[in-house]
Each structure stands twice: as structure tokens, then as C-alpha cells.
Amino acid sequence: MRERTTPLPGTPLSDAAVHQGKVLTLEWPSSLRYAWDTGVAVGRFLSELKRGRIIGRRCHRCQRVLVPPRMFCERCFHPTDAWQYVEDSGTINTYSESHIRWDASRIEEPILVAVIEIDGASGGGLLHYLGEVRAEDLRIGMKVKAVWKPAEERQGSILDIRYFRPFDSAQDRPA
Amino acid sequence: MRKVAVVGAGLTRFMRRAQETGPELAWLAASRALESCELNLKDVDSVALGSAPDAFDGVHMKGEYLSAGAGGWGRPVIRPYAGGGTGVLMPVHAWFNVASGLSDVCLVVAEEKMSTCHPHPQGAFLTIFDNILERPLEPNLIWIFALEMRRYMETYGIAKEEIALVSVKNKRNGLDHPSTHVAEEITVEDVLESEVMVSPVNRLDISPVSDGAAAIVIAAEDVAQRLTDKPVWIDGVGWNLDTAYWTNRDLAYPSYVERAARMAYKMAGITEPRKQINVVEPYDPFSYKELHHLEGLLLADKGQAPKITADGVTQRNGDMPVCPSGGLLGVGNPIAAAGLMKVCEIFWQLRGEAGRRQVPGQPKVGLAQAWGDLMQVGTVVVMRVD
Chain A
134 MRERTTPLPG
144 TPLSDAAVHQ
154 GKVLTLEWPS
164 SLRYAWDTGV
174 AVGRFLSELK
184 RGRIIGRRCH
194 RCQRVLVPPR
204 MFCERCFHPT
214 DAWQYVEDSG
224 TINTYSESHI
234 RWDASRIEEP
244 ILVAVIEIDG
254 ASGGGLLHYL
264 GEVRAEDLRI
274 GMKVKAVWKP
284 AEERQGSILD
294 IRYFRPFDSA
304 QDRPA
Chain B
404 MRKVAVVGAG
414 LTRFMRRAQE
424 TGPELAWLAA
434 SRALESCELN
444 LKDVDSVALG
454 SAPDAFDGVH
464 MKGEYLSAGA
474 GGWGRPVIRP
484 YAGGGTGVLM
494 PVHAWFNVAS
504 GLSDVCLVVA
514 EEKMSTCHPH
524 PQGAFLTIFD
534 NILERPLEPN
544 LIWIFALEMR
554 RYMETYGIAK
564 EEIALVSVKN
574 KRNGLDHPST
584 HVAEEITVED
594 VLESEVMVSP
604 VNRLDISPVS
614 DGAAAIVIAA
624 EDVAQRLTDK
634 PVWIDGVGWN
644 LDTAYWTNRD
654 LAYPSYVERA
664 ARMAYKMAGI
674 TEPRKQINVV
684 EPYDPFSYKE
694 LHHLEGLLLA
704 DKGQAPKITA
714 DGVTQRNGDM
724 PVCPSGGLLG
734 VGNPIAAAGL
744 MKVCEIFWQL
754 RGEAGRRQVP
764 GQPKVGLAQA
774 WGDLMQVGTV
784 VVMRVD
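Protein sequences, first through last, are from chains A and B.
Positions 134 to 308 (the numbering used here) are the ones given, in order, by the first sequence.
Positions 404 to 789 (the numbering used here) are the ones given, in order, by the second sequence.
In short, the hints are calculated from the structure, not lab data.
Take these hints with a grain of salt, some might be off.
Stated by the list, open to error - Which bits of chain A does chain B cover? Going by a derived footprint, with three or more residues having C-beta under 8 Å, they are: (1) 166-176; (2) 180-191; (3) 284-295.
Glycine included, C-beta positions come from ideal geometry on N, C-alpha and C.
The shape of chain B in the complex, shown without the other chains (with noise of 0.2 Å):
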């Protein structure tokens, strides 16, 4: 198989509501992508798109209606979907377009417009509920969220505050992050007073609803090392899925991110995760989230995230730094580019090139991962530069 990089990478804001459709979201993450890295869209040979559940538009064929905008015309294109683990399922797809050689260039595009659906997108969430035996319960997504919360919490001991501090590191950190609508300076007990919404989660626990859209290209080897001296290599790619019965699971630990992580770990070479990882985006669409999944990516031991934060390990000038983007928390979670996101960030500071949000001693090796459905999706990407 051919090595496979990211070469580019673009953005667009983060926003509750965006004027743009989700096509001109698309274009607007796309040709920046494009931009970053001196290519037209002639360059491309295949489009790998993401968005997440049709409900959130209206509209029942998203990937086709997104297609024009995410530089699909006239190409081949695929709209793998898990979920909230679309976003880095869409860099999975793309590595299998370049490394088997039927693309040199291969554009990845996420998007996302949760604002369409009204009165609130949470409503459509309802929709990915077992159909016959939950839905008649009228559960909605926070619901999943706080009883995976409450097991992990109680069957490892860890208190509220504890968690509570992943709110604030990363909405701190998004404050350094162009795209963002929700980074703020807030405390421990700001999040412990905001509003309850399923306990034990509050409202400062919870990424906003958000329309926005992310774009990387991926190249092959040898077109990678004629656009850049810095091309971020994916070195490992993983997924898996656990049943969508989820109520008959593990609640307290994400073994299914697990097996993700040694899969991809295994490709990669990784055999001391927390030795060779320098630089790390896990999804964090609630608090506990970034806790339970830097355990499911062996990066904390069953329990023990909680701790490796309350020690600073997790900030972005310590150890091993965790969500310096701001993640969802920080920055917003439009479901699919937020994903993709995380791996724009890590080809960010991999290359040196985050900015303010630089984490220091020149990184070598990033992960992203994101998570989706029932609790039942790990998608992980490995990349490493010279």
C-alpha cells in the first residue's frame, strides 16, 4: 500500500446559525482546503464527504445535495456516515482512496447545519432511538449522555468537579481558536451552577448545536512531497462498532474505542501510546467524554483521566496535551466538521503551524478521534511528520 499524507486544511466559523447552506458551508471549507495547499479542483480524483443524520436538513440525499459544493462534480464521491464519528471516518475513507492507488488526491469535506431543524435539533435526535421499544419513551440524546456519565462516575468514584474541569481547559482553549462561537473563561463552579439539564450533566458539560464545515486534502506519497516539505503522514486508521442494543453494554468504559485504537495503533507502530503520542484531539461533545475516551485510547488507565487533567497533564503546555483546539466544547460541534476538526488541528500542530494555539516541543505524532451513535462508534486517525 502507498504511504498516504494530509497536505491541507481549511475551516470555516463555527456558528448556531450560519446565512450559508449546507452546499456553500461546504464550498467555503473546500477551496480553502484547496488554497492551503496551492491545488484546483482539477487536481482531484475522488471526494470523500460527511455530514451527519439527514433529519438535521430535511433533506434525504445530503451527500448528493452536498456533493457540487464539496467538489464533487463529475468525480467519484462516497459519503461514509457514523454518526457523530463521521468526522474522522471521513480521513479513514480517504486513506483507503490514495493508499490502494485508485486516487492520487483524494478531498475530504464535512459538514454540518443543525440550524434547519426546528425548534431545537435535538428533536431529531429522537429519530436514532430503537424505534419500537425506546422512541415511545420520548428519550432524547441527553439521556444516553447522563446515564454513561453517572456509571463511569460512580463505578470509578470520580466527582463532578473532576470533570467539570475538561469545560473549562477547553473552552479556555478555543479562546485562541478562529472558528469558535463558545469559548469562554469560566470556572468549576460556573459549570457546577448552569443549569441541569439531565443529571448529572449541565448545560456548561454540553457542546452547543452549530453550522460549519471542515475540508483536508489527502495526497499520495509522491504528490504530497512535491506540494509541501511538511506533509503530516496518516500513519494508522481505525473503527469499530459495538451493538446498537446499548443498553446491554459496558456503560463505564468504551471498549469499542479500544479496539479503534489498536487498530489503528498497530498499523502505526504504536506500541507505548502514551510514550509516542505527543499531541492528542479525542471527542468531547460532553465533559466526561475527553475522560472516558483518553481511557478507551489506552492513553489513561480505567478511571484515571480524571486525575492526569486535575494534574495538568492535559493542558496544552503539559505532557500530553489534550483538545488544544478547544474541541467541541470550545469551538463548537457542527457533528461532522467537528470531527474533521480535530484532524485539522492535529495537521496543524504537527506542522508547527497552530498559532496561538501551538502546543510546545514540536510534536511528532497526533491523534484525532470522534465517536458516534449510541454510544457505539470509535473512529481513529494516528499522523506523524518527519
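The shape of chain A in the complex, shown without the other chains (with noise of 0.2 Å):
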């Protein structure tokens, strides 16, 4: 077959070759912006969490409480029935320390991130930074709690929680 007896077409390019100018390439910086409307489901949650309150949809036909909520149950396929509110703790599903930011560069001060099953909710829950922890100390099934940004500087967004942080849920005091 052709595969193995003949040498396989492409040509790679060195990065010398490109910045020496020895072939031609064209920049364009994308200028684009974009508004996205939250929502009725998150857009509720959003305004909740401005108000220091995470709250999720209730299903009475699953009986899941969904965190992010949702105005239709996906696995019901039907309208999601009540709001709830949920607790501001949950419990570590897995966890993770980051060296690279979003565009892969390199970051001094690794992240701690996490899936944090939402106490209250069905199953799974949120994406977020962890912190006051060190990344040697994290482990699965270990109880957090939110640590909100003040009433005041909080947006509606999921950065008004500023991180989950271990917490003792008999004494209600970090652990």
C-alpha cells in the first residue's frame, strides 16, 4: 500500500522560519465582543448569589435538586417544578492544582480548583477555586463552605463567591 512505500505529504514549519519571514503568514486580532443574556434559570441564580444564596430547581418527578438550576429537567424532559435553596457548603468531589492559566501560560501561584457537590443539591454541583488551604492538605469527601465577596461588591456572578474554603460542619468555623 501506498501508506508504507511512500514518504506521507505536509510540510512542518520551524518557528525560525516563520519569524525570519521565510514564509508568509497574516495576523488578525479578533475584536469581537459578546453579551450574553443569563437566562431564567441562572439568571434567578445569579441574582441569588448577589444576595450571598446559592438556589437550585427542583424536579418533582426525579426528586433531583438541580445545581446550576434549570427551567426544564433533561432527564425528565418536562418543567422543572420549584426553587430551593441550597446550602453554601458542600463536600469535594475532586479537586485539582493548576500551574497554567487559561491560555496555557505559566502562573507563580497555582490555582486550586474543585468540583464541589452542593450540599442540598443532587449529585455534583459547581466548578471553583478552593483557598486557606494548602494543595497537600486537599482531599475527596472534604467538607467546604463558600466565602463570599462583601454585600457590597457583589455583581451577580459566580465570582461573587470568592472561593470554597475547608470548613468543620459540627462547629460551623473553618477546620
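Hints in hand, dock the two standalone chains.
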């Protein structure tokens, strides 16, 4: 077969060839902006964050409390039935320490991130940062609680929660 | 429905940065696939075209942009999309075209040119996260892999060393692949000592960003038998999507891959996959993903894929060779093209034409699988040679 007998096509470029202008390139910086409508379910969720509370939607058919909330249950394919406040605490489902930014550049102070199963929600929950803890002390199953921005700084954003910190639920104070 | 076969395949080199444009890469792979089965464009009834996010290219009509290079001029062209799962979704759509009788010959082309996006194509992945609730946290794609990998490791008590064996195997296998730009002999220690990206993911756990293209030719039974004495039948196709609310899911087990596999197995009459499937190309963008996917494909018990890897079962000369091509870790990862490269590999393996990569024992049944989006898409094809 030809695959084995002839070299494969394609011309790899070296960084030098590009930088020295041996091949022509054209740069085009994108300058578009987007303004997303946050929707019925997440719009309410964000307005509750601004008030320092986390809210979900209950589906009476499958009995799940959905966080993030949605106005329809994707399993029952039926409207969800009621708003329901959940706790601002939860359990670490999984965690990680990121040494790179969103654009793959290295960062000096690694970021701690986790999937947090929110107390009162049905399974899973939110992606967020962790704080007031060292990476080596983290474990799956650890209880954590939201650290909120001061009320006057909240804007109705997921960033109204600064991060989640380890939390001793029996004593309601930092572990 | 009509029987459907793969009759030809072609690849470009995979490269960190190619001089060729996307349409030029598509042309190189498509024309090679047609040459390999001695067909011309006039023999092609339809084109199935695959490419991952438009954000890599900054060209927001990528299907139409690529179509001329993919043989689409004056033809019905379709561009299905399922993120990283796209490469194996393409042959599924070609199968529709041919099994239904709409086309006798469908040309399948997958192209990716990630190098266009600056400063790093990783930045384009920010746009796949939930725009309201996750993007403000400025996540990168490696976060979700790291989070899933940790959950998988802790659920089953798997050590990082066991997972690193996948990188060692695939990067070595890739040394025999003419498309590779990342193959090398490495050790488990090399993986563990490579730069930590997002713990527990190190640099050598990750496939690279690449430019490249792949193509196959799919034909109806009568055409296939006229063209070749070794048609590779597509016996089963399956695909499945889980919810994009990925933080609401079980991260230790890819149930959507299992649902896709069961769909393909049922169609192909596979009742005992571990006995009936001889060679496997699961999607391996990250080292642990090969293990995760073997379990989802029911080719290993839950949490046991590391054990069969350590036992050598998945080596090229093992009882169930896995990623004999070298996979994404060992060849490269031009996203949609990497998935279709896996289908090319099964095609060559089942025909006994994989050269130095050939697995022993004249395999009769093979499987290719890809995965994508927010850890939610499974795409599977089961292929067989008489």
C-alpha cells in the first residue's frame, strides 16, 4: 500500500522560518465582544448569588434538586417545578492544582480548583476555586464552605463567591 | 440496509505547524485516500467532512471553507460535529449515506489546523465552558481532565505510575508511525518528572497540539467488492451524548462511552467484546483516558484497565493490542484528524498492511473510539475483515 512505501505529505514549519519571514503569514486580532443573556434559570441563580445564597430547581418527577438550576429537567424532559435554596457548603468531589492559565501560560502561584457537591443539591454541583488550604492537605470528601465577597462588591456573578474553604460542619467554623 | 465497507485510507504528516492551509491539508489526505483504492473524485457521490472548533481557525464557516479540498465541489457535503469525538462521528455519517442507498461512495475527510490560534490554541478551549458560570473562573481544558483523572484514580485506588505506562507505550508505538511528530522512548520516571501542568496531569500525560488531516473512502458492498479483495466492513456504529452539566456527573466512569459501545456491539453482533475484538484504538488525548475508555468500552472491568496495561495485555504483541498506531500521545492530536487516524489504523491492521505497526495473529475485528466536548461524547465504530 502507498502508506508504507511513499513519504507522507505535509510541510512542517519551524519557528525560525516563520519569524524570519521565510513564509508569509497574516495576523488578524479578533476584537468581537459578546453580551450573553443569562436566561431565566441562571439569571435567578446569579441574582441569588448577589444576595449571598445558592438556589436550585427541583424536579418533582425525578426528585432531583438541580444546581446549576434549569427550567426544564433534561432527564424527565418536563418543566422543573419549584425553586429551592440549597446550602453554601458542600463536599469536594474532585480537586486539582493548576499551574497554567486559561491560555496555557505558566503562573507562579498555582490555583486550586474543585468540583463541589453542594449540600442540598442532587449530585455534583459547581466548578469553583478553593482557598485557605494547602494543596497537599486537600482530599476528596472534604467539607467546604463558600467564602463570599462583601455584599456591596457582589455583582450577580459566579465570582461573588471568592472560593470555598475547608469547613468543620459540626462547629461551623474553618477546619 | 446495505453492507458498508472502508476501501481506502490516507493521511498527511502530523505537525506542530504546517505550511499548508486547512483546505490544502484536506486535499493531501483526501487525494491519497482516493489513490489508495484507485478512485477519482468523479466516483465520489458524497462527502462527510470533520473538523473541531472553528475558534482554532478564526474561520466561522469551516466546513464550507474546507469543502473544496475535501472533494466537496458540486456534491452533498455534511459536517457533523462532536468536538474531539468528531473523527469517529464522520464514518458514522458516511455509513448513513451508504447504508441508506443515498450514496455508493462517500469520501470522509477530517482536518485540523490548531497552530493558527495565538498565543496558544488552549485559549480557544475557554469558549467550550459554560459561558455564564464557568468562563469567569478562566478554566483551561486541562482542568476538567485533571479533575476527572483524580476522581478516577481515587475511586479505584490507581497510582500515577500505572497511568504513566500508557504514555510510555503509546509514544513508543508512535515511533513506527510515519505521521508522528511526538514519538519517543520514555520511561515512567520521565512522565512523573515532566512539568506539572494541572495536577495530577504532567506534560507527558498530554497529547500535543497538531496540524494534519486524515481521510477514508467508504463504499457500498458491490462497489467495495469490485475495488478490493479485502474490504473492511463497518459492522457497528454507535454514539452517545451525556449532559453538558459535567459537574453533575459521575466523573469516575464514562457511561456515555458504554452506551455508544453497546449500540455498536448490538448492531455488530458483539456479545463478548473482550473475546471478539482483536485490536482497539480508543481515544487517548491524555494517558488516563485510554484506561477510562477501555473500561467504558467494556474491554476491562471498572478500575482494572491499569492492571491489564501493566500485565502487557495492551502492548502490540499482547492479547488485546491497544493504540498500536501510537495514538494521540504517540502520533499527534490534530483533533478531528486524530480520531479518523484511528479508523485508518484499524483499516490497515485488519488488512495486514500496518507494516512495522502490524499486530500479530491476523486480527479480524477492530474498534475505533473517540471522545469529546465537555467529557460527554462517545463515538464508536466496529470494523471487520472476512
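Hint check results:
1. 166-176: holds (count 5)
2. 180-191: Since three or more residues must qualify, the claim that chain B covers the stretch 180-191 of chain A is violated, with 0 doing so at under 8 Å.
3. 284-295: Since three or more residues must qualify, the claim that chain B covers the stretch 284-295 of chain A holds, with 3 doing so at under 8 Å.
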